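Asks: Going by my numbering, the residue at position 158 of the first sequence is 158; the numbering climbs one at a time, nothing skipped.
Hints in this document: simulated from the structure, not taken from any laboratory.
Some hints here could point you the wrong way.
What the hints assert, rightly or not - Simulated restraints on C-beta separations:
{"hint": "1", "residue 1": "A136", "residue 2": "T22", "range": "25 to 35 Å"}
{"hint": "2", "residue 1": "T174", "residue 2": "D240", "range": "41 to 51 Å"}
{"hint": "3", "residue 1": "A159", "residue 2": "A19", "range": "46 to 56 Å"}
{"hint": "4", "residue 1": "E163", "residue 2": "D240", "range": "33 to 43 Å"}
{"hint": "5", "residue 1": "A96", "residue 2": "R295", "range": "15 to 25 Å"}
{"hint": "6", "residue 1": "E27", "residue 2": "T211", "range": "35 to 45 Å"}
{"hint": "7", "residue 1": "T68", "residue 2": "Q119", "range": "29 to 39 Å"}
{"hint": "8", "residue 1": "T22", "residue 2": "A215", "range": "50 to 60 Å"}
This one's a predicted model, so the numbers in the text were calculated from it and none came from an experiment.
Idealized CB from N, CA, C, for every residue including glycine.
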Amino acid sequence: MPELPEVEVVRRGLERHVAGRTIKSAEVLHPRAVRRHAPGPDDFAARLPGRAVGVPRRRGKYLWLPLTGPESDPGEALLAHLGMSGQLLVGDPGRAAERHLRVRIEFDDGGYDLRFVDQRTFGHLMLTGLVPDPFAPAAATGSVPEPIAHIAADPLEDAFDDEAFYRALRRRRTGIKRALLDQSLISGVGNIYADEALWRARLHWARPTETLTRAEVRRLLEAAREVMTAALAVGGTSFDSLYVNVNGESGYFDRSLEVYGRRDEPCRRCGSPIRRDAFMNRSSYSCPRCQPRPRRARY
DNA sequence: CTGAGAACCTGCCGGC
DNA sequence: TGCCGGCAGGTTCTCA
Numbered sequence: 001m002p003e004l005p006e007v008e009v010v011r012r013g014l015e016r017h018v019a020g021r022t023i024k025s026a027e028v029l030h031p032r033a034v035r036r037h038a039p040g041p042d043d044f045a046a047r048l049p050g051r052a053v054g055v056p057r058r059r060g061k062y063l064w065l066p067l068t069g070p071e072s073d074p075g076e077a078l079l080a081h082l083g084m085s086g087q088l089l090v091g092d093p094g095r096a097a098e099r100h101l102r103v104r105i106e107f108d109d110g111g112y113d114l115r116f117v118d119q120r121t122f123g124h125l126m127l128t129g130l131v132p133d134p135f136a137p138a139a140a141t142g143s144v145p146e147p148i149a150h151i152a153a154d155p156l157e158d159a160f161d162d163e164a165f166y167r168a169l170r171r172r173r174t175g176i177k178r179a180l181l182d183q184s185l186i187s188g189v190g191n192i193y194a195d196e197a198l199w200r201a202r203l204h205w206a207r208p209t210e211t212l213t214r215a216e217v218r219r220l221l222e223a224a225r226e227v228m229t230a231a232l233a234v235g236g237t238s239f240d241s242l243y244v245n246v247n248g249e250s251g252y253f254d255r256s257l258e259v260y261g262r263r264d265e266p267c268r269r270c271g272s273p274i275r276r277d278a279f280m281n282r283s284s285y286s287c288p289r290c291q292p293r294p295r296r297a298r299y
């Protein structure tokens with residue numbers, strides 16, 4: 001799926017094209033796209049017309065459009081997760097329907113519409129209330145959609161607490177990559193950027209979390225921030241047309257990847273052939289020399 | 001409670 | 001050409 005940088009690219013596009021507009025209509029073309037909206041597709045579509053869209057927000061890989069308008073009291077939001085293949089696209093309302101168009105939203109100004117297109121249907125949209133942000137520093141006033149209150153802050157947010165992350169890792173009994181992908185510990189990091197950050201920090205994916213030092217965790221977080229910030233700067237990573245901004249354009253970061261997808265190609269630091277391991281039903285890429293397997297490995 | 005694996009989908013690619 | 005296994009950037013659920 002789109003990881004943090006790709007989702008942020010989409011958020012920025014929505015901020016530019018959708019913020020401040022009022023919804024005229026919503027249409028659900030595939031009920032699975034709103035399966036997590038408990039009251040069902042009809043309720044989803046019926047409650048959107050008349051709502052005004054605020055400034056889109058994001059935490060990790062989730063993004064949401066705050067809604068104001070007739071029905072909305074303290075706060076509701078249109079929450080979106082792109083899953084593995086979801087896209088949020090804006091464009092001329094008259095254009096042809098995409099093959100995997102799931103939800104269409106039109107606005108009362110008659111301008112660009114908003115479409116949720118999702119080939120594999122792992123992504124979803126839902127309408128939900130907002131609750132106080134459990135990860136915000138005390139006395140802060142942020143709010144987040146209720147269904148994602150368990151999603152940790154991401155490393156590019158002010159609310160992310162490096163020291164708390166280190167302590168949580170020391171308490172865990174698992175491998176560092178599994179922990180990096182655990183969105184309740186740190187959000188926004190997926191399979192690509194986990195591998196890239198571990199390579200930069202010279203840590204093996206199976207390193208037991210309870211053996212990590214403060215310095216190593218600091219290095220890892222710095223690496224994760226660097227790689228995701230760099231990816232964001234060039235529009236994110238995409239190997240194919242599945243990962244695009246709201247205008248359907250791909251990013252260029254795939255050209256900057258150091259290990260992901262580079263099996264048997266030389267490590268850019270030491271020349272050793274990059275290895276690929278199967279793990280968690282997915283691939284992990286690492287350099288056998290820069291990231292030696294720990295004596296005690298955890299999966 | 002924690003950790004590990006399966007399930008949920010569609011499409012593409014390489015090998016036979 | 002067609003079929004089949006393997007693989008794809010994620011999350012949630014279930015079971016131990």
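Asks: Evaluate each hint against the coordinates.
Replies: Hint by hint, here is what the structure shows:
Checked against the hint of 25 to 35 Å, the pair A136 and T22 passes, with Cβ atoms roughly 29 Å apart. Checked against the hint of 41 to 51 Å, the pair T174 and D240 fails, with Cβ atoms roughly 31 Å apart. Restraint check, A159 to A19: a C-beta distance of roughly 22 Å breaks the suggested window 46 to 56 Å. Between E163 and D240 the Cβ separation comes to about 39 Å, which falls inside the hinted range of 33 to 43 Å.
In this structure the supplied range 15 to 25 Å is violated for A96 paired with R295, their Cβ-Cβ distance being about 58 Å. Under the hint 35 to 45 Å, the C-beta atoms of E27 and T211, about 53 Å apart, miss the expected range. T68 and Q119 have their C-beta atoms about 32 Å apart, which keeps the hinted 29 to 39 Å range intact. Roughly 51 Å separates the CB atoms of T22 and A215, a value that falls within the hinted 50 to 60 Å.
Of the numbered hints stated above, those contradicted by the structure are hints 2, 3, 5 and 6, listed in ascending order.
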